[in-house]
Amino acid sequence: MQHIALLDCNNFFVSCERLFRPDLLGKPVVVLSSNDGCVVARSKEIKDMGIPMGVPYFQIKDMLTKAKATVFSSHFALYRDISKRVFDVVRESFPDLEQYSIDECFFTFESDDPLIVAAELKREVERQVGIPVSVGIASSKTRAKYLNTVAKKTTGLAYWEDEKWQQEFKLVNLTEIWGVGKGRTAAFKKHGIVTVDTLLSLAPAVVGQLFGVEGVRLQAELLGKPVLLVSPFRLAQKSITSTRSFAKSSTSYAVVEDAIKYHLHQCIKDLETMDLLATGLKVLISPGRYSDYAFQGASKEIILTAPSRDVFVLQKAVIEALQACFRESVPYKKAGILCTGLVSVDKQTPSLFSDTETIHNQKTNSISQTLLSINAKYGQPLLQLGRTETQGRAWQVRKELESPSYTTSWKEIKTVRS
DNA sequence: TCTGGGGTCCTAGGACCC
DNA sequence: TCTGGGGTCCTAGGACCC
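Mapped onto my numbering, the consecutive letters of the first sequence carry residue numbers 70 to 487.
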């Protein structure tokens, strides 16, 4: 029988931090989002205290201190590295896995006793990497997702026979289902639909009429008929963004421009890594979401005459766009760049109008390359075109509680004595 | 004082065309 | 007084996810 499994790391960011701080096992730990803004990962002890996901740090700081919780800023270089190690182990047994997020993957397999297969994999990941994982197994992705949450509450493994689905699934609240958020919950509720069985009792045509294609898809998936397929092939990425909130808002053009340049460089670095070019760029600037200026955000899109990742071409365009949408007197709290229309370098179509630009690009490309390689060697961002660190301090993020780079920097590698 | 960042997909509505 | 209909393409914004 064909099964779809979802393997998910338990409290992933917390588990990564604990890997190098085994003294924190069994103790309350949280990891914060960028800027030390919100809680994005919680240990079981924290969840048991009733602290919800995504709550602002400042609101629960006292509570955490009282509980003697350990608090970390997020450390993505570490998490990405550990993530890769987890999937490398899964890939040994299931080479066609589909990586769904930094801490989850789907894979398919055939077996009459799926729990044995999953138990073996769980053991192996935990032995080789040390990150605890849970596996849910079912006949559709949406069902597997749900069983993963069941697994997390029990032994870390879950698989249900048909009978069990009939009995147990009926009264599950739709809010617990993958793909049902605030909007869809409200739409369902308007028609008196709250639990899984009510949705399943409707004819597909009715569901389609009321809730569109997404509704029909969801209904089939919940019935155990797979609509979303597991595929190892990642579709080409469609956009790259780099955005960040400032530690303090600012009305200074120079500060915002500096942030924009920084994000452009981050995007170019990603384009370089993925060997892609961008056809469009968008400059995004916005004030604090909770300030009086909340709706004064602005953005400006630029369509390039030819796909590019040349820092000279892009920076010029981006600064023009910023000047066009920047407003004096608005206190900006966030800035960023969105790259769209990504194309791979070998599929690049030369522009009808870009004769001169091509020549220009060849010259400037080598300068861009040189900048990138210097930065890659010495750790970025050492050298950036037209940018100095003089404005940097003004918008830099807070990251006061970051753990050492145990696995990605030789300088910070852990010393073990015996 | 202090409220994340990076993605994808869908839909409604405007612009445009014949 | 009376002012088309149908199609495509694009974009902004919303919903959702981790």
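Hints may be right or wrong, so weigh each one.
[Stated by the list, open to error] Okay, derived cross-link-like pairs now, DSS-like style, lysine-lysine, Cα gap no bigger than 25 Å in a straight line:
| # | residue 1 | residue 2 |
| --- | --- | --- |
| 1 | K96 | K403 |
| 2 | K239 | K191 |
| 3 | K130 | K96 |
[To be verified] Quick list of simulated restraints, FRET-style, between CB atoms:
| # | residue 1 | residue 2 | range |
| --- | --- | --- | --- |
| 4 | D415 | G95 | 48 to 56 Å |
| 5 | L470 | S180 | 19 to 27 Å |
| 6 | K135 | M343 | 27 to 35 Å |
| 7 | T439 | K222 | 49 to 57 Å |
| 8 | M70 | I482 | 44 to 52 Å |
| 9 | K222 | E471 | 15 to 23 Å |
| 10 | T223 | M70 | 48 to 56 Å |
Hint data in this document are derived by calculation from the structure and do not stem from the laboratory.
Virtual Cβ for every residue (Gly too), placed ideally from N, Cα, C.
Each hint, compared with the structure:
1. K96 - K403: violated, 35 Å
2. K239 - K191: violated, 29 Å
3. K130 - K96: Roughly 16 Å separates the two Cα atoms, so the pair holds.
4. D415 - G95: 48 to 56 Å: Given range 48 to 56 Å: holds, Cβ gap about 52 Å.
5. L470 - S180: 19 to 27 Å: violated, 44 Å
6. K135 - M343: 27 to 35 Å: The hinted range 27 to 35 Å is violated for K135 and M343, with Cβ atoms some 45 Å apart.
7. T439 - K222: 49 to 57 Å: Holds, since T439 and K222 (Cβ atoms, about 54 Å apart) stay within the stated range.
8. M70 - I482: 44 to 52 Å: holds, 46 Å
9. K222 - E471: 15 to 23 Å: The hint (15 to 23 Å, Cβ to Cβ) is violated, given that K222 and E471 are roughly 31 Å apart.
10. T223 - M70: 48 to 56 Å: violated, 22 Å
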